[in-house]
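Top line first, the protein sequences correspond to chains A and B. Heads up: the first sequence runs through residues 4 to 238, numbered per our numbering. Heads up: the second sequence runs through residues 762 to 838, numbered per our numbering.
Hints may be right or wrong, so weigh each one.
[As the list claims (entries may be wrong)] Calculated pairs, EDC-like style, for lysine to aspartate or glutamate (alpha carbon to alpha carbon, straight line, at most 16 angstroms):
| # | chain 1 | residue 1 | chain 2 | residue 2 |
| --- | --- | --- | --- | --- |
| 1 | B | Lys818 | A | Glu226 |
| 2 | B | Lys803 | A | Glu149 |
| 3 | B | Lys795 | A | Glu149 |
| 4 | A | Lys229 | A | Asp125 |
| 5 | B | Lys803 | A | Glu226 |
| 6 | A | Lys233 | A | Glu149 |
| 7 | B | Lys821 | A | Asp125 |
| 8 | A | Lys12 | B | Glu765 |
| 9 | A | Lys173 | A | Glu226 |
| 10 | B | Lys808 | A | Glu149 |
| 11 | B | Lys819 | A | Asp125 |
| 12 | A | Lys12 | A | Glu226 |
| 13 | A | Lys229 | B | Glu765 |
[What the hints assert, rightly or not] Chain B regions said to be covered by chain A (calculated; three or more residues, Cβ under 8 angstroms):
| # | stretch |
| --- | --- |
| 14 | 772-786 |
| 15 | 790-802 |
| 16 | 814-822 |
Please keep in mind that the hints were generated in silico from the structure rather than gathered at the bench. The beta-carbon is built from N, C-alpha and C at its ideal position, and this holds for glycine as well.
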Amino acid sequence: MFKFFEPNKIFSITFRAQKYVLFLFIIVLSIGLTEALILSPEDYKQSHSVRIMYVHVPSAWISLGIFAIIAFLSLGSFVFKNKNFPLISKSLAPSGFIFSVIALVTGAIWGKPTWGTWWAWDARITSMLVLALFYMMYLLVWRIFENKDQATKITSIIAIVGAINIPIIKFSVDWWTTLHQNTSVNILSETSIHPSMLIPLGIMTAAFVLFSLLIFLMKYNTELIKIKNKGLDRL
Amino acid sequence: MIYEIISMNGYGLYVWSAFFFTLISFASLFLVTKFQLLKEQKRFVSKFGLLNIEKAKKAKSQNINKEILANTLSSKI
Numbered sequence: 004m005f006k007f008f009e010p011n012k013i014f015s016i017t018f019r020a021q022k023y024v025l026f027l028f029i030i031v032l033s034i035g036l037t038e039a040l041i042l043s044p045e046d047y048k049q050s051h052s053v054r055i056m057y058v059h060v061p062s063a064w065i066s067l068g069i070f071a072i073i074a075f076l077s078l079g080s081f082v083f084k085n086k087n088f089p090l091i092s093k094s095l096a097p098s099g100f101i102f103s104v105i106a107l108v109t110g111a112i113w114g115k116p117t118w119g120t121w122w123a124w125d126a127r128i129t130s131m132l133v134l135a136l137f138y139m140m141y142l143l144v145w146r147i148f149e150n151k152d153q154a155t156k157i158t159s160i161i162a163i164v165g166a167i168n169i170p171i172i173k174f175s176v177d178w179w180t181t182l183h184q185n186t187s188v189n190i191l192s193e194t195s196i197h198p199s200m201l202i203p204l205g206i207m208t209a210a211f212v213l214f215s216l217l218i219f220l221m222k223y224n225t226e227l228i229k230i231k232n233k234g235l236d237r238l
Numbered sequence: 762m763i764y765e766i767i768s769m770n771g772y773g774l775y776v777w778s779a780f781f782f783t784l785i786s787f788a789s790l791f792l793v794t795k796f797q798l799l800k801e802q803k804r805f806v807s808k809f810g811l812l813n814i815e816k817a818k819k820a821k822s823q824n825i826n827k828e829i830l831a832n833t834l835s836s837k838i
């Protein structure tokens, strides 16, 4: 099955997919922004500041999701010795990092009118900051180490160790008393957000997923061409 | 109506700055990634141009190299 996903075989798909994903992203983002900024209702308690949720929450979800995928692939590269897994992980990391920064910054902006402070060392915020630091370490190792095998090993360790932080972020609001409210959107149980807000949230999440897919494809193709550039030197 | 959208009951500064920050981050990451991709594509084409006929033939025997050349010359994004 892994052979099907060999870079040489899927390059033509990943390269051509870029423009279609970009096109789709622009359409979905436009709809999402209209919904989030104009059409969705204000909250009875938070008024219009609730609109920050439409960029803050999807960013946090996606940064968590991407790190979970990176950790999973890093474990996979240790077990299966697959050379494509580190390449995929490396290509996913930049968008994951940007989303973790967006979640932190928009969270701080939302915190000021809601809690009266830009920052608090509460469990959810601190664990999100730790996630951003893990992303930063992960990306820095790829930049610093020229030996690819060494970089793969170190980044895999960082991703696997960092994965411990994922359930901490997810359950921090249940385990500790934090400024954050409890989970409002649930897959398995009832969601407490009204559809008029849930739909824009879903559209914005789809737009953000498309953006991370776009960046992933561009980065993955860059990495493949880099490898092929080295291959030309060896001819 | 427009004033309402901009001011958002006094929360406009917070809401708009959060959205602007997000969009600026997106644009920056997109441009940096695009620049890196173009740089590697250009490097590939110039390296390929320096190969002698035999090596170029050998390189072209790999489908991915052909794809990179074809996509680099036709790509707009």
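We went through each hint and held it up to the structure:
1. Of the supplied pair hints, the one linking B/Lys818 and A/Glu226 is violated, its CA atoms being roughly 23 angstroms apart against a limit of 16 angstroms.
2. The suggested pairing of B/Lys803 with A/Glu149 is violated, with an alpha-carbon distance near 22 angstroms, which exceeds 16 angstroms.
3. Between B/Lys795 and A/Glu149, the direct Cα distance comes to roughly 22 angstroms. Violation of the 16 angstroms bound is thereby established for this hinted pair.
4. For the suggested pair A/Lys229 and A/Asp125, the alpha carbons sit about 42 angstroms apart, so the restraint of at most 16 angstroms is broken.
5. Note on B/Lys803 and A/Glu226: the hinted pairing holds, with a Cα-Cα distance of about 14 angstroms set against a maximum of 16 angstroms.
6. Between A/Lys233 and A/Glu149 the CA atoms are separated by roughly 13 angstroms; this keeps the pair inside 16 angstroms, and the hint holds.
7. Taking the CA atoms of B/Lys821 and A/Asp125, the gap is about 57 angstroms. The hint is violated against a cut of 16 angstroms.
8. At roughly 53 angstroms between alpha-carbon atoms, A/Lys12 and B/Glu765 are farther apart than 16 angstroms, so this suggested pair is violated.
9. Distance hint between A/Lys173 and A/Glu226 is unfulfilled; the C-alpha atoms sit about 32 angstroms from each other, more than 16 angstroms.
10. Taking the CA atoms of B/Lys808 and A/Glu149, the gap is near 21 angstroms; set against the 16 angstroms cutoff, the hint is violated.
11. The suggested pairing of B/Lys819 with A/Asp125 is violated, with an alpha-carbon distance near 59 angstroms, which exceeds 16 angstroms.
12. With a CA separation close to 15 angstroms, the supplied pair A/Lys12 and A/Glu226 stays within the 16 angstroms bound.
13. Straight-line distance between C-alpha atoms of A/Lys229 and B/Glu765 comes to about 50 angstroms, which puts the hinted pair past the 16 angstroms bound.
14. Residues of the stretch 772-786 of chain B lying with their CB closer than 8 angstroms to a CB of chain A number 10, which satisfies the three-residue condition for coverage.
15. As drawn, the stretch 790-802 of chain B meets chain A at 8 residues by the rule of a beta-carbon pair under 8 angstroms; at three or more, the given contact holds.
16. Interface restraint, the stretch 814-822 of chain B with chain A: holds (3 residues with C-beta to C-beta distance below 8 angstroms; minimum three).
Hint compliance for this structure: hints 1, 2, 3, 4, 7, 8, 9, 10, 11 and 13 are not met, and every other hint is.
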